[in-house]
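If you're matching them up, the sequences are chains A and B in order.
Note that UniProt numbering has the first sequence beginning at 1, numbered continuously upward.
Note that UniProt numbering has the second sequence beginning at 1, numbered continuously upward.
Check before you lean on any hint, since a few could be wrong.
Intra- or inter-copy, both count: the list cannot distinguish identical chains.
Said to hold, decoys possible - Computed cross-link-like contacts, DSS-like style, restricted to lysine-lysine with a CA-CA straight-line distance of at most 30 Å:
no., residue 1, residue 2
1, Lys459, Lys416
2, Lys291, Lys419
3, Lys64, Lys151
4, Lys431, Lys463
5, Lys255, Lys481
Simulated from the structure, these hints should not be mistaken for lab results.
Number of protein chains: 2
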Amino acid sequence: MGKERLSLYDTTLRDGQQTQGVQFSTAEKLRIAAALDALGIDYIEGGWPGANPTDSAFFDEVPKTRATLTAFGMTKRAGRSAANDEVLAAVLNAGTAAVCLVGKTHDFHVTTALGITLEENIANIAASVSHLVGQGREALFDAEHFFDGYKANAPYALDCLRAALEAGARWIVLCDTNGGTLPHEIGQIVRDVIENGVPGDRLGIHTHNDTETAVAGSLAAIMAGARQVQGTLNGLGERCGNANLTALIPTLLLKAPYKDKFEIGVTDEALAGLTRTSRMLDDILNRVPQKQVAYVGASAFAHKAGLHASAILKDPTTYEHVDPALMGNRRVVPMSNQAGQSNLRRRLGEMGLEVDKSEPALARILDRVKELESEGYSYDTAQASFELLARDELGLLPEFFEVKRYRVTVERRKNKYNKMVSLSEAVVVVKVDGEKKLSVSESMDEAGNDRGPVNALSKALAKDLGRYQEAIDDMRLVDFKVRITQGGTEAVTRVIIDSEDGQGRRWATVGVSANIVDASFEALLDAVRWKLVRDGETGAA
Amino acid sequence: MGKERLSLYDTTLRDGQQTQGVQFSTAEKLRIAAALDALGIDYIEGGWPGANPTDSAFFDEVPKTRATLTAFGMTKRAGRSAANDEVLAAVLNAGTAAVCLVGKTHDFHVTTALGITLEENIANIAASVSHLVGQGREALFDAEHFFDGYKANAPYALDCLRAALEAGARWIVLCDTNGGTLPHEIGQIVRDVIENGVPGDRLGIHTHNDTETAVAGSLAAIMAGARQVQGTLNGLGERCGNANLTALIPTLLLKAPYKDKFEIGVTDEALAGLTRTSRMLDDILNRVPQKQVAYVGASAFAHKAGLHASAILKDPTTYEHVDPALMGNRRVVPMSNQAGQSNLRRRLGEMGLEVDKSEPALARILDRVKELESEGYSYDTAQASFELLARDELGLLPEFFEVKRYRVTVERRKNKYNKMVSLSEAVVVVKVDGEKKLSVSESMDEAGNDRGPVNALSKALAKDLGRYQEAIDDMRLVDFKVRITQGGTEAVTRVIIDSEDGQGRRWATVGVSANIVDASFEALLDAVRWKLVRDGETGAA
């Protein structure tokens with residue numbers, strides 16, 4: 001027997017944008033749409049054309065996708081025809097092959113929020129869907145508050161669905177808009193809906209995570225017969241977010257009974273890019289990726305318990321439900337325990353450093369990491385600093401140059417126009433190839449704005465490094481994170497700096513000090529040294 | 001018909017400590033245990049006595065709790081009697097009323113990981129549980145890998161459970177150790193186990209979140225008959241974490257059918273402290289609380305969509321599945337939309353500022369917030385800076401003092417012992433009551449350590465503020481967060497500073513600048529000004 005097709009519908013660009021603090025630019029939307037298309041999503045909901053300039057621009061600029069591009073809107077308002085509703089017209093004007101319209105199915109919302117009769121609402125649904133179909137579009141109907149509506153007035157809620165279905169909607173999407181419906185109820189109500197005449201292969205499910213069960217609710221709906229599932233990357237969305245496609249997709253591909261019953265548009269190859277896609281979205285949002293998230297989190301396969309870590313080395317299936325590599329993720333065995341050395345050798349191997357089992361530096365590296373981590377360093381993200389530390393112990397780190405001293409001044413005072421302005425100045429003294437070089441830079445950019453002391457330091461450090469100058473000219477600082485690792489008066493600051501170069505490499509380095517400028521300088525120095533290592537520079541003669 | 005009692009078992013202090021990056025001190029464990037006890041948890045698992053000094057010290061120091069304090073350990077090893085197993089002896093020596101022992105139930109793990117026969121394993125389980133009961137302890141048996149074991153060899157897995165039950169275990173806890181079992185399987189297997197002779201009121205469930213369904217899996221087990229549920233606060237735990245009690249507890253208390261069928265130890269009053277308890281744990285972990293988490297997240301009741309926000313103002317049940325106040329959480333309606341003004345008045349009211357509807361400053365406050373947020377400010381957390389901004393527009397902010405200028409120098413060079421050392425020095429010039437005051441401080445603390453430029457600035461600013469001196473003497477900086485809000489060369493830095501005073505108040509302020517020192521200074525200034533407002537100081541004569 002062949003597998004049934006399950007349709008994946010992504011709403012990261014619409015419902016995902018309802019996340020508090022999230023506001024995508026058009027360029028970011030285009031980047032996310034390309035990633036969704038590469039992943040193998042069937043429908044990409046791009047936004048609500050006409051609702052804001054960003055969404056409208058997205059539909060103007062988006063290139064052809066393999067996925068069906070979908071515009072979102074709402075059913076026509078009462079008192080005008082579908083053809084004369086300018087809100088609906090703007091949605092159609094986006095010219096997408098598919099259009100998804102949200103409409104009411106909960107009697108309470110029809111009468112209180114819309115203030116129209118139950119019959120008028122049904123007529124609006126039918127007329128709106130007919131209008132889409134008449135324009136040659138694939139129509140989807142988002143049944144808002146469906147589960148609450150069904151519990152309040154099942155016959156009416158079902159009548160709304162049937163109106164959309166009979167008007168030609170390809171998909172009827174059951175939305176748990178407020179997120180309060182538990183999985184067992186979702187399963188039961190989906191079964192009821194199918195028994196009442198809406199075929200499962202026309203039914204979609206749209207859940208929210210307000211009880212932390214959005215993924216389970218979606219799975220329950222699929223098990224009950226729904227054949228489209230809606231969600232977002234990383235579970236973005238209004239309030240607690242939507243069903244997390246980043247968790248759902250691996251379950252559908254890897255877990256019984258789903259993997260045996262269904263096929264989805266995501267290939268094994270695309271699945272192996274899922275971790276990268278998830279991190280890319282966090283990167284766009286300038287968020288630190290959550291470590292403990294299912295399948296793709298940095299801790300999802302981290303084995304901290306001593307008994308687990310030692311068993312994992314014998315056989316990973318002892319404490320892993322799936323292979324992390326399937327999602328492009330990786331196993332983490334903390335270096336502090338007995339599993340440390342072989343794990344360390346694996347990490348070094350990934351950096352191109354093949355080290356023999358008997359190498360005594362291995363133990364020294366582990367000791368140094370342990371000691372530095374107790375001082376506030378963290379090498380989970382700062383892989384480049386870790387590599388430098390390891391190279392140092394292995395005797396594979398050239399001494400490129402020596403920093404003799406630096407000084408930074410930050411001043412804020414009135415300028416000649418009686419306006420408060422700030423300015424930083426940095427002096428860095430280095431010794432390269434036996435020659436002492438003094439460099440000074442200030443924090444003013446070309447537009448006359450103060451960019452701060454770390455900027456001034458970074459410029460002074462990179463200003464004259466003799467024969468290394470060319471190698472570091474294409475480096476730039478792209479992110480900067482600071483964390484106080486101990487509170488109170490003993491506060492210690494950890495700075496993580498992300499750098500990029502012209503070859504598209506991106507690397508993270510760490511510095512720790514009670515002095516934030518000094519911690520930043522340490523991380524900057526590591527960034528420069530790693531770049532010189534990677535570019536194959538050799539040390540002082 | 002009376003409600004059935006459901007037992008809540010917390011393992012934040014044991015499995016929660018397996019979270020990557022989490023390492024509780026004994027003092028922190030004591031603080032968490034007190035919070036769990038106040039919440040109404042039935043069992044508090046404190047750790048593994050003997051496994052490390054922190055866990056042992058916890059059991060020595062923990063005061064009497066209403067909850068049953070539980071020590072964790074493992075079943076005796078083969079080849080020795082339970083009485084002669086020193087690992088088990090250390091667990092019993094903690095003297096807790098209850099002891100939970102983990103043991104194997106998956107044949108593969110017995111033969112590969114333990115390397116003993118299936119019969120020996122069953123004998124070990126029985127002997128260990130009997131030993132606990134013989135010592136007058138309440139015994140719990142954690143059936144490791146039970147669901148995988150049941151799928152591989154059901155008769156053997158069931159025999160293990162029966163051995164524990166017959167030896168006198170009060171609870172048999174079915175553990176989904178690797179986290180790969182989906183809710184529908186958990187429900188089915190729990191039903192099978194009950195049919196095979198283990199009564200539901202002796203059965204517990206312990207799930208992990210590796211497929212993002214740990215909460216749903218726990219609910220499925222309860223629905224199938226299990227009567228104890230294990231989890232952790234904020235879903236801490238190995239890999240992706242354990243079932244999140246912070247999400248489970250509100251569902252059990254507020255949602256059908258659970259609220260009608262069961263009673264748990266958490267009162268309505270304790271539930272109203274849940275948000276605070278969740279934030280306290282993040283505070284101990286020095287983590288930024290996740291906003292999108294169910295029930296207790298800062299965004300859990302944030303209504304960003306325009307249609308939602310306006311409906312919420314008419315009737316909150318339109319877009320809220322439960323009342324946020326029940327968990328001590330609050331509704332957030334972003335100020336940028338039409339719902340803004342009434343929401344703003346509510347927020348001001350909470351700060352003790354009763355403002356009339358017709359007050360023209362309301363619109364100005366909203367405009368200023370909108371403009372500043374577009375520059376990188378964020379008032380979600382920095383409530384104190386928000387209050388100052390509002391007071392300023394309302395004419396309720398005295399001008400306490402004026403900052404004329406400041407200068408900070410950070411230097412790093414060799415000292416007389418040829419060691420690289422760093423030092424910061426700050427000069428702040430303020431005008432108080434018409435008098436100009438120059439203050440200088442350095443960043444060296446009493447132990448001779450450099451505490452950085454923000455420390456030096458903070459000390460110089462607080463050194464001489466004339467008649468305000470007494471009010472600010474009990475302030476201290478307790479946390480400091482930095483975020484680049486725009487990447488690249490146009491980088492803008494946002495600094496959030498948390499301050500505390502001797503009266504236990506804690507407040508957050510924000511500063512934004514391309515210059516991190518300047519952003520810090522702005523946040524420091526706001527911190528001082530808020531403190532002066534709160535202490536009822538008046539402005540310059």
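Checked hints:
no., hint, verdict
1, Lys459 <-> Lys416, "both (26 Å within a copy, 29 Å between copies)"
2, Lys291 <-> Lys419, "neither (45 Å within a copy, 39 Å between copies)"
3, Lys64 <-> Lys151, "neither (41 Å within a copy, 46 Å between copies)"
4, Lys431 <-> Lys463, "within (13 Å within a copy, 40 Å between copies)"
5, Lys255 <-> Lys481, "neither (38 Å within a copy, 41 Å between copies)"
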